[in-house]
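Engineer: Spelled out, the chains give:
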Amino acid sequence: MTHLDQLESQSVYILREAFNRIDRLAMLWSLGKDSNVMVWLARKAFFGHVPFPVMHIDTGRKFPEMYAFRDRYSREWNLNLILESCPPVEATDPTLPPAARSAARKTLGLRDAIAKHGLHGIIAGIRRDEESVRAKERVFSPRGDSGQWDFRDQPAEFWDHFNTDLPAGTHLRVHPLLHWTERDIWRYIRRERIPVVDLYFAKAGKRYRSLGDSDITFPMKSEAATIDEIIAELEATSAPERAGRAIDRETEDAFERLRAAGYM
Amino acid sequence: MVIVGHVDHGKSTLVGRLFHDTGALPDGKLEAIRTMCERRGMPFEWAFLMDAFQSERDQGITIDTAQIWLRSELRDYVIIDAPGHREFIKNMITGASSADAALLMIDASHGIQQQSRLHGFLINLLGIKQVAVVVNKMDLVGFSAGHYEDIRAAYARYLAGLGAKADYVVPVSARDGDNLVRRSARMPWYEGPTLMEALDSFRAAPRPVDMPLRLPVQDIYKFDQRRIVVGRIESGKVAVGDRLLFSPSNKIARVATIEGWNRTAPALQALAGESVGLTLDEQIFIERGEVASQPENPPVLTSVFRGRIIWLGRGNLRRDAEYRLKLCTLDVPVTVQAVERVYDTEDLSIHEASEVGRHGVADVILRSRAVIALDEAQSVASTGRFVLTDGHNIVAGGLVDMEGYPDQRQSLTVRSSNLSRVDHRVTADARVMRNGHKGGVLWFTGLSGAGKSTIAMEVERRLFQKGYLVYVLDGDNVRNGLNANLGFSPEDRAENIRRIGEVAALFADAGMIAITAFISPYRADRQRARSAAKSSFHEIYVKADVATCEKRDPKGLYKRARRGEIAEFTGVSAPYEEPEAAEFVVDTGALSVEDSVRSVVDYVARNFALTDTAPRA
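Top to bottom, those sequences are chains A and B. Residue 264, in our numbering, is where the first sequence stops; the numbers in between run on with no holes. Residue 617, in our numbering, is where the second sequence stops; the numbers in between run on with no holes.
Any given hint could be a false lead.
Claimed, not checked - Label-pair distances were calculated between CB atoms; the ranges are:
| no. | chain 1 | residue 1 | chain 2 | residue 2 | range |
| --- | --- | --- | --- | --- | --- |
| 1 | A | G60 | B | R39 | 34 to 40 Å |
| 2 | B | D167 | A | Y67 | 54 to 60 Å |
| 3 | A | D150 | B | R182 | 37 to 43 Å |
Said to hold, decoys possible - Derived BS3-like pairs: lysine-lysine, alpha-carbon spacing no greater than 30 Å straight-line:
| no. | chain 1 | residue 1 | chain 2 | residue 2 |
| --- | --- | --- | --- | --- |
| 4 | A | K206 | B | K222 |
| 5 | B | K29 | A | K221 |
| 6 | A | K116 | B | K222 |
| 7 | B | K222 | B | K237 |
Keep in mind the hints are simulated off the structure, nothing from the lab. Small disclaimer: the values here were computed from a predicted structure and weren't measured. The C-beta atom is built at its ideal place from N, Cα and C for all residues, glycine as well.
Extracted from the complex, chain A is given alone in its bound form:
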């Protein structure tokens, strides 16, 4: 069993637990590399099927390539796709810094979608190695009635006994990729031949390493035009993955505040 086999097996176990224990479940599909891997793992877990809706919370500001990707693969993969929009930036917490406010639109869009569809579980593709606040997450993470994360008092979670019972009015975030790294993701994409948006591959000396809204995400200098080259680049770099994401570093606790309020 290779390292990738072990990661896959653990994620499949988590997805199957979520499907068994949570009655109204949806998977978030941001169209990025991680959430494509996540949809792929669901097809592994459920033998070619994705037995719950796949939801895109659309800020309306994604790259055109991402929308084209969504329309093509939701058909090819036979996904039950739910599209939900986000409220305008004026509806967000005005004390947050500007880029964080922009990102907070997605939190509100998600909150509304959860209420609208009566969801009890949301599967999200976050990873511990992306960002140090995410490193503190549980696999099954309970959220308050407005989606907030009580990170000061998280429940115990060990021996793969996840918290699957929850009070009415709250929901669970399920994180099947929590134990993966960025390099694991690319190696798995290579092994399984999972399609990804073209923006990840370098053109004219630049590529996107992480994809968010087009107005708050920036490309990095890179010559990596193939998956192999991307993996080689990641082996060598010490630059953080989310360096091109403005929201992470506006203030010391900007990302923590976003997440506490329900951001993915």
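Since the structure of chain A is already known, use the hints to place chain B on it.
Structural biologist: Chain B alone, transformed into the frame defined by chain A:
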């Protein structure tokens, strides 16, 4: 790899410094930490690398566990930082439970503290065998070899008390990097490996492929024409064509296919660690929570077991309280039948208690309503550990210990399957008319020395004189014949009682009164005897406490048990489970033998008479 230890002994600092010294720190992180420290007007703090929450940085403590990836020249590590504050033990366990190795930090200037011991205890309980003790802040004790040696020796004694030992004890100054990656010039007396060398010598825990197969059923899928049983192989392996026994339902089927998706070729075999989907050759009804095994190497079946637990609940664990037991995919209610002993993690002494306080470690007896499949923790790790939940949260983690409790599998299995009952041509009523009384079983249960045999024999004599058809099934007599092939293992004891229950039921069916006089300490065994004799079963609790019985000690057995000459002696070194709803209780601690006998004879007269008048007086 998890880093544990008392609060403020430098766990997060160690991680930060390790990252710096191995060159694994992401760009900009050093500057970001420096800015955070300057803003707070404090010296550079490595711990800020992993203490991601603002409240953690503001208070200078780690609240929750985090994971970070470190690369040495040899390999990749997942470093798990665990909080050392007593309040956050649940987070420490959450972090440590997935580790293959542990680093236990001890501050040289403060010495071994409460959490140093508790964390050592829990690391051992979690089954982490590879341990490096890190004696940190050596700079604060002048890099003194004597100081290091005192701590090393004291902690080795503590671990020895648990039957454990540390692979390395490394003196370091995490803040300055001494003996982390590079050898310290300030501690020339230390000849052992640097911390990084120690870590590189640890091995990832091997997958238990060569262990008995345990495949807990996670779900059954029917998305298309296939009916797929899914689950993760916790140990062993499974191949197409294998016969699988599902416990506790005891159903057997063969593996038809191992299903997959986006595979180049269909799998013919799957090993421990794999999440699999199987189709079976027969459409047997099984559910989530069952465990598949090879038929010849099945898990234990029981409705009662001992758990060594760490209690995490906010209130105390209480006797008679009900919790939910989660063991792999099984999820059933259990009751705390007894708290056997509580461990003091400071000095490893043992105490009697009826409750377990927060963060207490204890041995408790848990009982489920139905029979469940599990293993002893020491034989199969994954099916030998469990959590308890209360409301929405995990309140305990524990390991299964079956010492003194029999595997109920043998007694539960009906081996011959093509049997059909034949009806008698003499009715039960006709027998009652002929004998003048009903048949039945008087099942005496109680401790050794409670007076079961004495009372049984005297009751038999008096009932016989009154004209009853009555017979005592006595322990030694039965063991000389019917049960001559049985010894005294928990399984054999259970089988002994099972046969007596069946024989007594036949006596009752024949219209006689059968009196049995056996300790029969387990409720499960007595329950089985009751179901054999159905409504004619009368549980008679011959009651006297251990102290009273030990004083009587007619056969000198208690004395021998106390000297350790008799293993698993009921009341001394094995449990006695009191009847919960006995039909009749004879309190021989309070009554004389004569009064005890008379009360049972009166009970029989009231319950076995054909008419209002006693038979043939």
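Engineer: So, for every hint listed, does it hold in this structure?
Structural biologist: Hint check results:
Taking 34 to 40 Å as the suggested C-beta distance range, the pair G60 of chain A and R39 of chain B conforms, at roughly 36 Å. Judged by the Cβ atoms, the range 54 to 60 Å given for D167 of chain B and Y67 of chain A holds: they are separated by roughly 55 Å. Between D150 of chain A and R182 of chain B the C-beta distance comes to about 42 Å, which sits within the given range of 37 to 43 Å. Only pairs whose Cα atoms come within 30 Å are accepted, and K206 of chain A paired with K222 of chain B is rejected, the gap being roughly 46 Å.
The suggested pairing of K29 of chain B with K221 of chain A holds, with an alpha-carbon distance near 19 Å, which does not exceed 30 Å. Restraint check for K116 of chain A and K222 of chain B: the C-alpha separation of about 29 Å stays at or below 30 Å, so the hint holds. Pair hint K222 of chain B plus K237 of chain B holds up; C-alpha atoms about 24 Å apart against a cutoff of 30 Å.
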